Amino acid sequence: MIMTNVLLAAILIVPLAGALLLFLLRDRGVRLAGAVAGLAAALSLATAFALLPVLGRGGVPALAWEWIPAANIRLALRLDWLTFPFLITEIAVTLVAVIYSWGYHHVDERTSYFYGLLMLFGVGMTGTTIADATFLFYIFWELMLVASCALIAVWGDGVRRGTVALKYFIFTHLGSLMVLVALIMIYNATGHDSFSALRAGVSLTPGLLATVATLFIVGFSVKMAIFPLHLWLPDAHTVAPMPVTIMLAAAMLSMGTYGILRFPLSMFNLTEMAAFAVPMMVAGIVSEIYGALMALAERDIKRIIAYSSVSQMGYILFGLGTLTQNGIAGATLHVIFHAIVKALLFMCAGLIIRATGRRDISQLGGLGSAMPLVAICMGVGALAIAGTPPFCIFDSEWMIFSGAFQTPHTGLAFAALFGSLLTVAYALWLVGRVFFGPKPEGLTLEPLPLAMVVPTVLLVVLALVEGVLPGPVFSWVARELPLLLGGSW
Amino acid sequence: MAQVLTIGILALPLASAGLLALARSIHPRRVRAFAMAVAGATAVGTIALFPHADSGAVLKLRWLPGTGIMELGLGSTGLCAAAVIAFLLFFALLGSLSHEPGLHPASVSIMFIALASTIVALLSEHFLLRYVALELVALCIAFAPLVRLNGQPSYGYAWQTYLLFRVGDAGLLAAILALWSAVGTLLIKASLAAAARAEVSTLAWIVAGLTGAIWVKLGLWPFHSWIRHGRRLGLAQEAWLYATVMPTLGLYLLYRVTPLLALPGLVQSAVHWLGSAAAVLAALVLFRDEEPGEGIPLLNAGLGGIVLSATVAGVKSAAWIALVVVAPLRLLLFLAADAAGSRTPESRRVAAGFFGLGGLALVAFGGLITWWAQASGAPSYPLLMAQTALVLSIVWVVATTKQLAQRSPSVQDRTVHWTQRVAMIALTTMTVGSIVGIHPLLETLSEIAHMEALALPSVSAFLRHLIMTPALWLGLAAAVVARRVLRPTAKAAAGTASERDGEAYTLEEGLARAAQALRGVVETGTLERILSLSVQTVLEAARLAHDAVESSSLERTAALSARAITGSARIAYEVMERGTLERIVGMLVRAVARGASFAYHVIETEGLEGLLRRSVRGALALARALQRAHTGRLRYNLFWASVSLVLATLGFILFTW
Numbered sequence: 038m039i040m041t042n043v044l045l046a047a048i049l050i051v052p053l054a055g056a057l058l059l060f061l062l063r064d065r066g067v068r069l070a071g072a073v074a075g076l077a078a079a080l081s082l083a084t085a086f087a088l089l090p091v092l093g094r095g096g097v098p099a100l101a102w103e104w105i106p107a108a109n110i111r112l113a114l115r116l117d118w119l120t121f122p123f124l125i126t127e128i129a130v131t132l133v134a135v136i137y138s139w140g141y142h143h144v145d146e147r148t149s150y151f152y153g154l155l156m157l158f159g160v161g162m163t164g165t166t167i168a169d170a171t172f173l174f175y176i177f178w179e180l181m182l183v184a185s186c187a188l189i190a191v192w193g194d195g196v197r198r199g200t201v202a203l204k205y206f207i208f209t210h211l212g213s214l215m216v217l218v219a220l221i222m223i224y225n226a227t228g229h230d231s232f233s234a235l236r237a238g239v240s241l242t243p244g245l246l247a248t249v250a251t252l253f254i255v256g257f258s259v260k261m262a263i264f265p266l267h268l269w270l271p272d273a274h275t276v277a278p279m280p281v282t283i284m285l286a287a288a289m290l291s292m293g294t295y296g297i298l299r300f301p302l303s304m305f306n307l308t309e310m311a312a313f314a315v316p317m318m319v320a321g322i323v324s325e326i327y328g329a330l331m332a333l334a335e336r337d338i339k340r341i342i343a344y345s346s347v348s349q350m351g352y353i354l355f356g357l358g359t360l361t362q363n364g365i366a367g368a369t370l371h372v373i374f375h376a377i378v379k380a381l382l383f384m385c386a387g388l389i390i391r392a393t394g395r396r397d398i399s400q401l402g403g404l405g406s407a408m409p410l411v412a413i414c415m416g417v418g419a420l421a422i423a424g425t426p427p428f429c430i431f432d433s434e435w436m437i438f439s440g441a442f443q444t445p446h447t448g449l450a451f452a453a454l455f456g457s458l459l460t461v462a463y464a465l466w467l468v469g470r471v472f473f474g475p476k477p478e479g480l481t482l483e484p485l486p487l488a489m490v491v492p493t494v495l496l497v498v499l500a501l502v503e504g505v506l507p508g509p510v511f512s513w514v515a516r517e518l519p520l521l522l523g524g525s526w
Numbered sequence: 002m003a004q005v006l007t008i009g010i011l012a013l014p015l016a017s018a019g020l021l022a023l024a025r026s027i028h029p030r031r032v033r034a035f036a037m038a039v040a041g042a043t044a045v046g047t048i049a050l051f052p053h054a055d056s057g058a059v060l061k062l063r064w065l066p067g068t069g070i071m072e073l074g075l076g077s078t079g080l081c082a083a084a085v086i087a088f089l090l091f092f093a094l095l096g097s098l099s100h101e102p103g104l105h106p107a108s109v110s111i112m113f114i115a116l117a118s119t120i121v122a123l124l125s126e127h128f129l130l131r132y133v134a135l136e137l138v139a140l141c142i143a144f145a146p147l148v149r150l151n152g153q154p155s156y157g158y159a160w161q162t163y164l165l166f167r168v169g170d171a172g173l174l175a176a177i178l179a180l181w182s183a184v185g186t187l188l189i190k191a192s193l194a195a196a197a198r199a200e201v202s203t204l205a206w207i208v209a210g211l212t213g214a215i216w217v218k219l220g221l222w223p224f225h226s227w228i229r230h231g232r233r234l235g236l237a238q239e240a241w242l243y244a245t246v247m248p249t250l251g252l253y254l255l256y257r258v259t260p261l262l263a264l265p266g267l268v269q270s271a272v273h274w275l276g277s278a279a280a281v282l283a284a285l286v287l288f289r290d291e292e293p294g295e296g297i298p299l300l301n302a303g304l305g306g307i308v309l310s311a312t313v314a315g316v317k318s319a320a321w322i323a324l325v326v327v328a329p330l331r332l333l334l335f336l337a338a339d340a341a342g343s344r345t346p347e348s349r350r351v352a353a354g355f356f357g358l359g360g361l362a363l364v365a366f367g368g369l370i371t372w373w374a375q376a377s378g379a380p381s382y383p384l385l386m387a388q389t390a391l392v393l394s395i396v397w398v399v400a401t402t403k404q405l406a407q408r409s410p411s412v413q414d415r416t417v418h419w420t421q422r423v424a425m426i427a428l429t430t431m432t433v434g435s436i437v438g439i440h441p442l443l444e445t446l447s448e449i450a451h452m453e454a455l456a457l458p459s460v461s462a463f464l465r466h467l468i469m470t471p472a473l474w475l476g477l478a479a480a481v482v483a484r485r486v487l488r489p490t491a492k493a494a495a496g497t498a499s500e501r502d503g504e505a506y507t508l509e510e511g512l513a514r515a516a517q518a519l520r521g522v523v524e525t526g527t528l529e530r531i532l533s534l535s536v537q538t539v540l541e542a543a544r545l546a547h548d549a550v551e552s553s554s555l556e557r558t559a560a561l562s563a564r565a566i567t568g569s570a571r572i573a574y575e576v577m578e579r580g581t582l583e584r585i586v587g588m589l590v591r592a593v594a595r596g597a598s599f600a601y602h603v604i605e606t607e608g609l610e611g612l613l614r615r616s617v618r619g620a621l622a623l624a625r626a627l628q629r630a631h632t633g634r635l636r637y638n639l640f641w642a643s644v645s646l647v648l649a650t651l652g653f654i655l656f657t658w
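Residue numbers (this note's numbering), protein chains in the order written: chain H, 38 to 526; chain G, 2 to 658.
Just so you know, these hints were derived from the structure itself, not from any lab. Quantities reported herein were computed from a predicted structural model and do not represent experimental measurements. It is possible that some hints are incorrect.
Label pairs and their in silico Cβ distance ranges [stated by the list, open to error]:
id, chain 1, residue 1, chain 2, residue 2, range
1, H, G195, G, S569, 22 to 32 Å
2, H, L76, G, K61, 40 to 50 Å
3, G, R63, H, V97, 25 to 35 Å
4, H, L89, G, T567, 16 to 26 Å
5, G, L621, H, V218, 33 to 43 Å
6, H, E483, G, A573, 53 to 63 Å
In this text, a Cβ means the ideal position worked out from N, Cα and C, and glycines have one as well.
Turn these sequences into a full structure, and let the hints guide you.
Next up, the structure:
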């Protein structure tokens, strides 16, 4: 039991300690900073996986300390099956981003701070996920925002990075405030900040229930970048340094999904949530189609992939809105698989930008023969994001759409399914524009660091392996379902 | 044994594909020989599995949790279709030797992956497995140009082709998921058997999705453009990978889901009409194709439309019979059209003969299907459309055969390799055999499919059926007039007139001659005019259809649509992402900032005090007014006292109530 608690705490403490160490080392540790961060992230991931057998045996690792007794506020951590898939995704993405940074980030006197902030960003996401108290949840939620904002403001591309960081902060903070209001309302209703009360179900008046659920869904939708709350995303993704973009797109967006699962879908039962099904499905479809159309209209390679995230988050919200087992399981799977594929696509984009120094696809072309490995990786990424079997996203889309067809809203299911054709269009069009056709004048290629190529190839393998052998991840996700909607399936 | 053989027919092409992908330096001629050996062995393997047909599932696989066990069975129809596909690959490779002596290893790899995936799609008894296999086939077909061709256009073809396939597959996936939701299983047989208990509206969605999938796979208008991209590849790839694999899979899908198509009334009749209309469109577009090879996919697509229409009309085994009968004919047409590019006139004429025979056999089979459709009570107007399509196809086949036989030699002509002749002879033998032995063939096919054998018409009844078809009359007459009659008739008319001038007649002879002349001038002339008008109408329709479909209008429409979508996206992008919305947000921010500034000014600088001052002033003014009222005359005081009491009472009552 003690060992379990130690491991649970270590998931947070190890990267936090890594971050503190890097901040203390400052310019003295620039050479080791990447290794320290990588080690911390790897240890954190290993620790999380070490708790998997405990979960498998039916155990629920949890620990809690009193913090502000007068207000009944605690420091509490807990790992359950709803948490686990998100936790693994976040830490794995952090690790991949750190490894990618080894090749991407030029070492200078501020390198320790860069890796330290990456660690803090990761800690923010991890802490948000395993927090078992609303107060702690919100603290980590804001830590995630502050760390990522600092990374964009300091290491972002171009002169607009400060403006973009501010925009990102204001937009997402507005969403956070809505979440905060809802959390305070819940706190007032239950009298304490423990999630155990939420898991047991909260009894609210219909008006209050509608208000709280709306605030949660809209607030978390800002983090998910659902249309029209997505305006922060393209700029943030484009300006952020590539490792941060990878973490933003592949991991941080999923925090919105986690929030919706953790709060409205855990607190309320199926009947209480039924009124939100169609709005969520419609918002998901609109976001799916709108994001894909914007990706078709865009010319900047990073922004194309950024808009793809808007579209993909639409799938997830649509899946959650079905309120069916398959739909919700599919949405959770989509978080994991989207993380893999989106990280892959951004890594490929990073490789292209690194090699050519260009981001506008009208200035790119014919790279297939010069960069065949990157072409294959990006081709796989494009096919995967397009939902082509046997790559992993097909599995999650299958679950989401099958959930949709289990609802009475067959027309919406058809719309979402046919809307996915736009994903095929922009994903394959992007690959065609970059890797085929004539090579533009004056396009020269720089050599690529191995540290950037290796994780990219590994993600290609992972996208295929997860697609062909989805059993373990499916079983993790399936076990979260009894925790949702009061188990009223 | 069956399991080993099944694994063998799947593993052999897949392993060969892997081998060829790795061994890039192998000589192209050896690649061809190796490919033919593998295709032949796979075909023989499928034949060897026939004794185990209908013996149940041989391979079982679990993939996505909750979707059940995915079974690969040895259904007799699937096995037969797999054998047809494998044999046709062998013949395609054999017959394309003169066209392309060597093959690119990567091209053959793709063909082998497509072969294995096609076999899986045909043998699978699970909808999910079938869908995945179909997707893999689609990927192979779409991305074949990337290996063969270089540059942006090749990717453009791949992109377009894959996108079109995905349109169909979206329909298929929607239908599968809706069916799964309705019946709770993905096993094909079980779900089709249970489909009748689904709601009619759900069934309508399912049928719509399936029809879309079949439509794209058969290459029916306007989704036929993907087949045409095969023209840019080698003969074997065009004839087999493009023109045979996916249409065969489309026909097989149609055959398997036939029980569903008969269920919903309105959708059924819509599909019936659409199938016939697609056939007519395909036949009209045929006339504008300059090269015979370009028309073959359209000829097949037209037949596909007729088969779809007939299947929906109740000819349940039409798709299955078409799958087996048409596939070799299609390959024969491709090989013969290619062989017509021979150096020697004899070879050209022989090839043209093969082409004509194959084409007419294909159309005759279409005629047989319309006969069955009529016998099963198909509505007359769609049937008439289907027959019109057939007649137009006959005209095209005859004209193309003549064109192939009479074409003048060019420098690009080549010697036809003997293997191509062997392939054509073998395929022609099959064709003739199936015509001569149509009765036992139909019985065998019906037995394989466990269906009731369709009654064959007697030759005289079939001919009567053809002769009584109005569309046949019109079309044939149009063709004859177009090709032969008009000019000789004019000459003959001129000759008759000169003879008439120089001769003396008796009254009876004169009346008879006058009657003949009148008949010639009025009747025949009128008929000629009608016929020529018909021909013109047909040709104009073909031209219009071509303009609309092939050359410009559709492309323009597609380009306009694409531009409109992209334009809308750009506008939305500009509005939402760059311009207006940000400006609106900016204005709002400015408004808030101004409000905040005003509030700051009022509250922080002078405002709070100012507000207090004003409030105090207001309160003082009110107090002074009240004071004046209270300290005035007695009646005012009494008035205020009574009002105050009334108000207090009312307040109390209201409070307690």
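Hints, one by one, checked against the model:
no. : hint                        : result
1   : H:G195 - G:S569: 22 to 32 Å : 29 Å, holds
2   : H:L76 - G:K61: 40 to 50 Å   : 44 Å, holds
3   : G:R63 - H:V97: 25 to 35 Å   : 29 Å, holds
4   : H:L89 - G:T567: 16 to 26 Å  : 47 Å, violated
5   : G:L621 - H:V218: 33 to 43 Å : 41 Å, holds
6   : H:E483 - G:A573: 53 to 63 Å : 36 Å, violated
Hints 4 and 6, counting from the list given before, are not met by this structure.
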